[in-house]
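Undergrad: Residues per chain are reported as follows:
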Amino acid sequence: MIPTVQTVHIVSIAIVMTSMAMVDLRLVGVAGRRQSLTEVGARFLPWVWCTLVVLLCSGTILIIAEPGRELINQVFWLKMSLLAGAIVLTLIFQTMLRRRSGFWENHRAAAVLLGSASLLMWVGIVGAGRWIAYVEHG
Amino acid sequence: MFKHLLQGLEATPWGTAVRENTWLFPTIESVHVLSLVLVVGSIMVVDLRLLNIASRRRSVKELTDEVLPWTWAAFACALITGSLLFSSSAVRYSGIWQFDAKMCMLVLAAINMGIFHLGAFRSVAQWDSHPVTPPLAAKLAGGISLTIWVIVVALGRWIGFV
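Read top to bottom, the protein sequences are chains C and A.
According to our numbering, the first sequence is numbered sequentially starting from 83.
According to our numbering, the second sequence is numbered sequentially starting from 1449.
Keep in mind that the hints were calculated from the coordinates and are not lab data.
In this text the structure is predicted, and so the values were computed from the model without any measurement.
Virtual Cβ for every residue (Gly too), placed ideally from N, Cα, C.
Among these hints, one or two may not hold up.
Here's a subset of chain A near chain C, in silico, CB distances under 8 angstroms, partners left out [unchecked claim]:
#	residue
1	1477
2	1485
3	1486
4	1503
5	1510
6	1514
7	1545
8	1598
9	1605
Isolated chain C, as found in the complex:
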């Protein structure tokens, strides 16, 4: 049961992590420059939000299965804080892009900062997710 839910969780992370990497690397200007930021966002952000729901559901099942492993684990709360931060950054990205499609092209420094911060946070989320299993709890 737990390995199956974890597998769903990891495949979902693969979708969210890659989608966010595509958006963030485009935002920083390292990859995907053949498409506009609006096009890249339209391709990947809906997948991020939908798959995030799957992640929250599978994650909740994992917490219910072993509440002590997660809820009194500092790495778990670090992961949740990073997740909250990453979601806020994505919302900022999306809102500014919707208001003015050229916003991030006209504010390159902010774009590079937001893209790299978001990417680092997602790397931290994945890393912390694995470290939960290795930190003493209880």
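With chain C fixed as given, assemble chain A onto it according to the hints.
TA: Structure of chain A alone, referenced to chain C:
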């Protein structure tokens, strides 16, 4: 003979270090997870295009040119970190059927990719015009690839529970 080889692998300085150092295994494992989610995620981007489910307005050639270099870079990281984790307890891992099955699945993924590249992808210029609906052989390659990689993730996670 094969067992000697595995024992030799465990006795290497890196095999010993990963086995004996308390934080080295989880650190390498975290990099392995990060690499594999990028491998699987980026392959899914291509597979979903071949299946005509996502990125439908983009040329397949343009998409693969953009995405696959990242896939290969992430795969190299996954291969190196995976080999390090394996060398820490090579004898034990090679006796677990989930590990053997995972390796077989990776070989199948390579064969599927080879068939696609030598087959349907060779004529990509002919079917890759706007709007693009990939031929059946390409859709099949995408579907098989998607299935194989989900199984690889499941088997990989399962190894940790044996």
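Undergrad: May I ask you to test the interface hint for residue 1605 (chain A) with respect to chain C, counting a Cβ-Cβ separation under 8 angstroms as satisfied?
TA: Status holds, d = 5 angstroms.
Undergrad: Taking the closest Cβ pair, is residue 1477 (chain A) under 8 angstroms from chain C?
TA: Check passed: Cβ of residue 1477 (chain A) comes within 6 angstroms of chain C, closer than 8 angstroms.
Undergrad: Take the shortest C-beta to C-beta distance between residue 1510 (chain A) and chain C; is it under 8 angstroms?
TA: holds, 7 angstroms
Undergrad: When the nearest CB of chain C is found for residue 1485 (chain A), is that gap smaller than 8 angstroms?
TA: Nearest chain C Cβ about 4 angstroms off; hint holds.
Undergrad: When the nearest CB of chain C is found for residue 1545 (chain A), is that gap smaller than 8 angstroms?
TA: violated, 14 angstroms
Undergrad: Regarding the hint that residue 1514 (chain A) lies at the interface with chain C, is the smallest CB-CB distance below 8 angstroms?
TA: holds, 6 angstroms
Undergrad: Does the CB of residue 1503 (chain A) sit less than 8 angstroms away from some CB of chain C?
TA: holds, 6 angstroms
Undergrad: Going by Cβ atoms only, is residue 1598 (chain A) closer than 8 angstroms to chain C?
TA: holds, 6 angstroms
Undergrad: Against chain C, is residue 1486 (chain A) within 8 angstroms by beta-carbon distance?
TA: The hint holds - residue 1486 (chain A) has a Cβ within 8 angstroms of chain C, the shortest such distance being about 6 angstroms.
In the structure shown, a violation is registered for the earlier hint numbered 7 alone.
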